[in-house]
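The listed protein sequences derive, respectively, from chains W and X.
For the first sequence, the UniProt record's numbering begins at 1 and goes up steadily by one.
For the second sequence, the UniProt record's numbering begins at 1 and goes up steadily by one.
Incorrect hints may have been included.
[As the list claims (entries may be wrong)] Derived Cβ-Cβ restraints for the label pairs, each shown as a range:
#1 W:Cys336 / X:Asn259: 52 to 60 Å
#2 X:Glu123 / W:Asp265: 52 to 60 Å
#3 X:Glu296 / W:Glu250: 17 to 25 Å
#4 X:Lys174 / W:Ser175: 25 to 33 Å
#5 W:Gly374 / X:Gln112: 53 to 61 Å
[As the list claims (entries may be wrong)] Incomplete in silico selection of chain W near chain X, CB under 7 Å:
#6 Gly159
#7 Leu160
#8 Glu162
#9 Gly195
#10 Ala198
#11 Trp362
#12 Asp365
[Unchecked claim] EDC-like mimics (lysine to aspartate or glutamate), calculated; alpha carbons at most 20 Å apart, straight line:
#13 W:Lys214 / X:Glu250
#14 X:Lys140 / X:Glu292
#15 W:Lys181 / X:Asp155
#16 X:Lys140 / X:Glu250
#17 X:Lys181 / W:Asp155
The set of hints was computed from the structure by calculation and includes no laboratory data.
Glycine residues also receive a C-beta, built at the ideal position from the N, C-alpha and C atoms.
There are 2 protein chains.
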Amino acid sequence: MDFADIFKTTVTRLMESNTLPICDWLPWEFLCPKVQERGDLCTFTVLRTVMKTNKALNTFYNPCEWCDIIIESLPKTQEMSEVSTENGIINIRLAQKIQTPLQPIDPAFAMQPIGFISSCFSEKFGTPRQSNKNTGFYSKYSRGEITLLNHVNADSLDGLEEFSHIWLIFVFHKSTHSKLKSKVKPPRLNGQKKGIFATRTPHRYNPIGLSLCKIMKIDGKKIMVSGIDLIDETPILDIKPYHPADCLNEFSMPGYIKNPIYIYDVEFHDYAIERIRIIKEKYPLKFYTAEEDWIEIIREVLSQDPSTVHTKLKHQDQGLYAFKIDFLYVVYVRHCEKSSHLVVNVIHHFEAEIHELRTEAWLSDMKDTLISIGVLKSI
Amino acid sequence: MDFADIFKTTVTRLMESNTLPICDWLPWEFLCPKVQERGDLCTFTVLRTVMKTNKALNTFYNPCEWCDIIIESLPKTQEMSEVSTENGIINIRLAQKIQTPLQPIDPAFAMQPIGFISSCFSEKFGTPRQSNKNTGFYSKYSRGEITLLNHVNADSLDGLEEFSHIWLIFVFHKSTHSKLKSKVKPPRLNGQKKGIFATRTPHRYNPIGLSLCKIMKIDGKKIMVSGIDLIDETPILDIKPYHPADCLNEFSMPGYIKNPIYIYDVEFHDYAIERIRIIKEKYPLKFYTAEEDWIEIIREVLSQDPSTVHTKLKHQDQGLYAFKIDFLYVVYVRHCEKSSHLVVNVIHHFEAEIHELRTEAWLSDMKDTLISIGVLKSI
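Okay, chain W solo, but in the shape it has when bound (with noise of 0.2 Å):
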């Protein structure tokens, strides 16, 4: 016998007679995670869901008093041995062990997207972490582009162009594991495992992502914001305003936030500087047109190391890497001895073979070109 189906039962039939007050907006799902089993008890928090008012009705319910219309228009079995009440719970306690315990079927809450943000980043390797100054990293130079959608009002901006940076509330897109872990390794702490919830990873129960961004210019429906760290097509669920109630003076975190991610010299070979030259004639990038800017983007993707804790552990050794920023495809060598990278090759997403880009046979042919003009010697 189920006692949470007893329960469910009589209270239904009770709500359906207007003899208890439900709030309307309250479906059952959200009373079941308040039944309680343990061993042979079953209890079943009344208190909270009586405060509400059912708005039909009007009226309040002492919870005491709710508690005793429940109890005695439960059914009496052999199996209640003792029921009583207290503060609005009611503790039924079972002449046997209850077998199953209650899977609470929670409401899912659907959300639309207000927009899409075009971003400098269109793939995970490469797109830099949230952070700020005062965390030894920003990424000012990086670009992006929110644009709200069609059954969103323009009006609804209006006011924003006032503050100077906002929250996005995003959704993970491109986190698509199939089984949630609840732990994982947070990239400063070298394969130590930490609690999602003690983490930004995007390895969630919901996909949902805070990130904070910088306004340049409101135009239309149309945000341009700098110092993501959002990829190409993540959908925005919504847009906060920051203000002072954000920012605290006193706060605690583990030691190891602190640890800077910022550790990489970034230089670039000649040949890249030329590259950069030869491209930049020829084809046009979506977000960034001064030659200077190009380099200053490479720069800071390159001085946070953009390697996941897994490619540091595997790849210890130097080698040959390359990460996508806007439509240019950088390559780099990893010294990891001397924390340095150096670029040396850039091309445009629209002057090769792109379908062959970046695979491991890539890479390898890559290496050889640029050993045979001198660019490298052997890595």
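The hints should help you fit chain X onto chain W, whose structure is shown.
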């Protein structure tokens, strides 16, 4: 004739025949917003979508190549007077103007609560607005308890105890306005309107709230918090630790954000203090045990005038009001001219005929009673 449909049919057929690589997570609806129709020009931005890789095919396509495949496959009709491509964008000029603008159907993301908060505030009226010491008001004595649901592992909280503060991302579950307005009246602006994205109003396209609170204690799947502005039973979608990247050294905002909301003196009539003592002997509160704490939380709520802009404008004169905190109904006199609140009575939820509580008739009776026992003169 509907060009979006022709385009859709063509691209779908190409996708099905594996001629076009579309990332498997990317539903058709994601492509739609990029179809722009202006006058007789129909523009399909292919550029942003073809940069994705199809895991099954494991290939990249050059967007220009992709455009060529699509154009070649489009049925040739008289309506298409001109077709061209440029940097991955297909421009189709039609012989006649487009009559029906495309309405993109955006996908919704289903978010499930990870838990619910049990709060000392059970109603909108009397629940403070998010704030902290920087803004002159901080509800230090507010109390809440977040309980993670069954499907959320307690391990997810591992390491969170090392942080002092957390962000709560939650659902404004009591914000159920039928029609969304794109502008609202912020409390500090005396009736002037601002776009919803320039405010933190609960009336949003997605009912998502962002709130900072202090961790008091973590115990298994429960987090005791203070400094909250959430109503009882609020569904929590995510918890993220507060860290230095959230605190900006330099940011700007409109001047009105600095206007104080902390303006009211709070005094307690001896009768109210006596009532608190009597209640304390007989009934429990859920979040408060010490008498001083009962007084402090009442003081905090009333010091930040809980009246809405609407109430303030409607009832310029002084009057008798009540709000609920934990299990207490607090009755106070609002003296507009003196900018002060005087607490005159306190009633425990278990103590009274609750169904009449705080209706106009109840407040009127309360007034008469308080006058008859000498607590109030006439107001």
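Hint by hint, here is what the structure shows:
W:Cys336 and X:Asn259 have their C-beta atoms about 54 Å apart, which keeps the hinted 52 to 60 Å range intact. Checked against the given bound of 52 to 60 Å, the beta carbons of X:Glu123 and W:Asp265, roughly 58 Å apart, stay inside it. With their beta carbons about 20 Å apart, X:Glu296 and W:Glu250 fall inside the hinted range of 17 to 25 Å. Distance hint check for X:Lys174 and W:Ser175: the Cβ-Cβ separation is about 30 Å, which falls inside the suggested range of 25 to 33 Å.
In this structure the hint that W:Gly374 and X:Gln112 lie 53 to 61 Å apart at CB holds, the actual value being about 57 Å. Annotation: interface hint on W:Gly159 holds; nearest CB of chain X at approximately 4 Å, less than 7 Å. For the restraint placing W:Leu160 at the interface with chain X, the shortest Cβ-Cβ distance is roughly 4 Å, inside the 7 Å limit, so the hint holds. Because the smallest distance between the Cβ of W:Glu162 and any Cβ of chain X comes to about 4 Å, under 7 Å, the interface hint for this residue holds.
The criterion of a C-beta within 7 Å of any C-beta in chain X is met by W:Gly195, whose closest approach is roughly 3 Å, and the hint holds. Interface restraint check: W:Ala198 against chain X, minimum CB-CB distance 4 Å, threshold 7 Å, status holds. About 11 Å separates the beta-carbon of W:Trp362 from the nearest beta-carbon of chain X, more than 7 Å, and the hint is not met. The criterion of a C-beta within 7 Å of any C-beta in chain X is not met by W:Asp365, whose closest approach is roughly 16 Å, and the hint is violated.
Between the alpha carbons of W:Lys214 and X:Glu250 the distance comes to roughly 11 Å, so the proposed pair stays at or under 20 Å and holds. For the proposed pair X:Lys140 and X:Glu292, the alpha carbon gap of about 13 Å is at most 20 Å, so the pair holds. Distance hint between W:Lys181 and X:Asp155 is fulfilled; the C-alpha atoms sit about 9 Å from each other, no more than 20 Å. A C-alpha spacing of about 26 Å is found between X:Lys140 and X:Glu250, which places the hinted pair above 20 Å, so the restraint is violated.
With a CA separation close to 9 Å, the supplied pair X:Lys181 and W:Asp155 stays within the 20 Å bound.
Checked against the numbered hints listed earlier, the structure breaks hints 11, 12 and 16; every other hint is satisfied.
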